[in-house]
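There are 2 protein chains.
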Amino acid sequence: MNKITLQILKGTRDFLPLQYILRKRVIEIIARTFEGFGFEPMETPSMEYAETLEGKYGEEGDRLIYKFEDRGGRKVALRYDLTVPLARTMAMYHVEKPFRRYQIAPVWRADKPQKGRFREFWQCDADIVGSKEVWADAEVIAVGYYAFKNLGFNDFTIRINDRKLLNGIALYGGVTEKEMAGFFRIIDKADKVGWDEVKKELADKNFSAESIEKTIALMVDETQGNRAIQRLKTTLKGISSAQEGIAEIEEIQRCLANLGVDKRNILFDGSLARGLDYYTGPIFETIIEKPRIGSISGGGRFDSLIGMFSGNDVPATGTSLGLERIITVMEELAMLPMTPTVSQVLVTVFARDLFGESLSVASELRSAGICAEVYVNDDKLKKQLDYANKKSIPLVIIIGPDEKEKGEVVLKDMEQKIQAMVPRQELVNKIKPMVVASSR
Amino acid sequence: MNKITLQILKGTRDFLPLQYILRKRVIEIIARTFEGFGFEPMETPSMEYAETLEGKYGEEGDRLIYKFEDRGGRKVALRYDLTVPLARTMAMYHVEKPFRRYQIAPVWRADKPQKGRFREFWQCDADIVGSKEVWADAEVIAVGYYAFKNLGFNDFTIRINDRKLLNGIALYGGVTEKEMAGFFRIIDKADKVGWDEVKKELADKNFSAESIEKTIALMVDETQGNRAIQRLKTTLKGISSAQEGIAEIEEIQRCLANLGVDKRNILFDGSLARGLDYYTGPIFETIIEKPRIGSISGGGRFDSLIGMFSGNDVPATGTSLGLERIITVMEELAMLPMTPTVSQVLVTVFARDLFGESLSVASELRSAGICAEVYVNDDKLKKQLDYANKKSIPLVIIIGPDEKEKGEVVLKDMEQKIQAMVPRQELVNKIKPMVVASSR
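Chains as they are written, first to last, in my numbering: chain A, 1 to 440; chain B, 1001 to 1440.
Just to be clear, a hint being listed does not mean it is correct.
Derived coverage of chain A by chain B (criterion: at least 3 residues anywhere in the stretch with Cβ under 8 Å from a Cβ of chain B; other residues may be distant) [what the hints assert, rightly or not]:
(1) 5 to 12
(2) 149 to 161
(3) 196 to 204
(4) 385 to 391
(5) 396 to 405
Away from chain B, derived, C-beta distances all over 10 Å, residues of chain A [as the list claims (entries may be wrong)]:
(6) V95
(7) K97
(8) E331
Bear in mind the hints are in silico, worked out from the structure with no lab data behind them. Heads up, the beta-carbon is just placed ideally off N, CA and C, and yes, glycines get one too.
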């Protein structure tokens, strides 16, 4: 028999149950939070025509799109994110607006795999299409906040800024409209490379020393928080785009207070730029300090993207939670209870001719909503108990010939290391509270 | 602005919320049923090395694998099914056995798209690895049965046969071991093309008239059910593989009875062959008569597939539920309650300066686990009520200046077309039973 080389592609992962149970739990909590805000689930294909995706992500992004020709010679691409496919659907179909949808799904990028960066990874997006009000921005910021709270996060900061304010700052510094996208793409790197490096890069791109000095002075750390907003209001008096941006940020803050979002988790940050070209208004991202892993969510308003498909602009805003980083942090901080198995009970098989009894008991438990696994090999009981131990299945049932005759079973609590005889007809009622306590 | 052609690839689909809510519900019911039997969730990458998938699906299957070269020049393929990736993982990692896993995920086939056949579609697989006992086959058959019951199906038939019995029948008819795979691939078409066509095709492939007559006489419709088993037992006396197959089928039937599976949903069918080459023992599929759509699940024992990766055989058996056909049937039979939206309440905005009130009310409802959407445009109230009607959101809340002052809200039941004033502090308790009744 030809043995095949056993490997998977770099940047892709197998998730065995031990990892995937946790992953699924996180996805469910995020989905439930999104639905709590009235976001509806939606799906788009993994494959799109390449031209649908091209030209949306900037030069570097475009290079990372997985593209190939299918058997019909069509140029096909794997989904790079969930936002551009959303924009396409919003141009293709009529939906009642304001339209809320979420999508939790894999995306693919032909990136260099490294720690925490994968070629196949999941995004969790919630967007509102068809509202130009910053109320919508507040809603998507809040849904992200509650998703993190529901996952058990407390120490995180949602940094908020506004592209209109940034434009105002850039204008104030003498940067032209045409130069702005390039300008902000460099500013966006400050977190990673530091402000000195940013200044150098801007100078390399021929921004004047005065422009650089004036703009960055208004964006650096000292200008965070609400006092910074007041200072900017004064400094940028007369620059209407800046004043508009500031007004939007202030209204978002009021909305977030009404939505019960803790002030301590929110921070105006004049230096936040977000890399993507298509943002047009409020922008935001969520930062974790411990462990330092960068942003675990990001988003903003993109009022022109849908227009690239439909020909006329439709306002939209959204947030994207990064599942991989969220799970990395939760694992590092041991934030999730270990759920090593979905099985709540293992029904062992005492002897070949008693297997039918084991099946009947398993079937009764299952009808009562208890997750019951039946051991399907004719192995020694000791081996079966070892199996339950290794898998951390909390309860084990044994039915020998004596038990069968008396209409009883042996119920073993593997953690407490105790066992008891339980009449068959009392078994479900006996087990139910035990498995609820171990909670799934 | 360049307008892009708006289209998606043939054989792929967008699922807007109206469709996707239903789809998600079906997936959840199947997942919950699988977990009830102790199957653990697991995931493998969408992309695999092409050589991992090649040579497992027969010539025709291999042709339908999506293959391309990635930027590193690696030959890459999109997952064609969930069974071969499972076999790869079972050879790559150590897991406690008997190992139960399920996976509900998309697969891709470069097939000709037609009604009910897609290039991207979902499979729901449950498998047990590491048990040679037919107990395991009975468990995977039963988990499929309960999944269909939990989805609301009643009129379906699980047809069961055994490759060992088929081998015995073929031997009895003079078909050699070498010819068998080809023989069964033709037999498998009987459902689609009829027995006359099958006979003709077998004759074309040089099977003797006597072989064809003798084998098909033992497989056709008249030989279904338990009396057929008894006849085959006698006719094939002395052919050990046939007797083994019959014994397996009988033991599976006993196990299914213990598992509470209704006898009327189970049928021995000597003509069932299943197309895939890799089956080695019991095989089964689920048929719906109304509407006639073919099989909605299929599976069987594949004791040699993992050996293609690991070098030594590991017994395994599993079932695969076809999500697309299941949903097609459920839609045609109107089996699922329409859930047009996840939103249980729409909180309207009475006026711009009262929006904060609307947000506070929405936030209170959400904290109580109620899915509350807040309307995020400054539109006339009539337009907001129209929106709720079009989306079938059952409850609407209005907070005008009077209500704000009195600490009350207007609660409208959109279906009953009634409304009432409700004090803010009683709102959650008032709404909770109403949304539970409309059930999600």
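Original post:
How about the segment 5 to 12 of chain A: do at least three of its residues have a C-beta closer than 8 Å to a C-beta of chain B?
Top reply: holds (count 6)
Original post:
How does the coverage statement for the segment 385 to 391 of chain A fare against chain B, requiring three or more residues with Cβ below 8 Å from a Cβ of that chain?
Top reply: holds (count 3)
Original post:
Closest CB-CB distance from A/E331 to chain B, is it above 10 Å?
Top reply: Holds, since 16 Å exceeds 10 Å.
Original post:
A/K97: least C-beta distance to chain B exceeds 10 Å?
Top reply: Non-interface label fails for A/K97: nearest chain B Cβ at 8 Å, not farther than 10 Å.
Original post:
Checking C-beta pairs, does the segment 149 to 161 of chain A have three or more residues closer than 8 Å to chain B?
Top reply: n = 0 at 8 Å, threshold three: violated.
Original post:
Okay, the segment 196 to 204 of chain A and chain B, do three or more residues pass the C-beta test at under 8 Å?
Top reply: violated (count 0)
Subject >> Non-interface claim for A/V95, where every Cβ of chain B lies beyond 10 Å >> reply: violated, 7 Å
Subject >> Coverage criterion applied to the segment 396 to 405 of chain A (partner chain B; beta-carbon cut 8 Å; 3 residues) >> reply: Check failed, 0 qualifying residues.
Violated hints, in rising order: 2, 3, 5, 6 and 7; the structure is consistent with all others.
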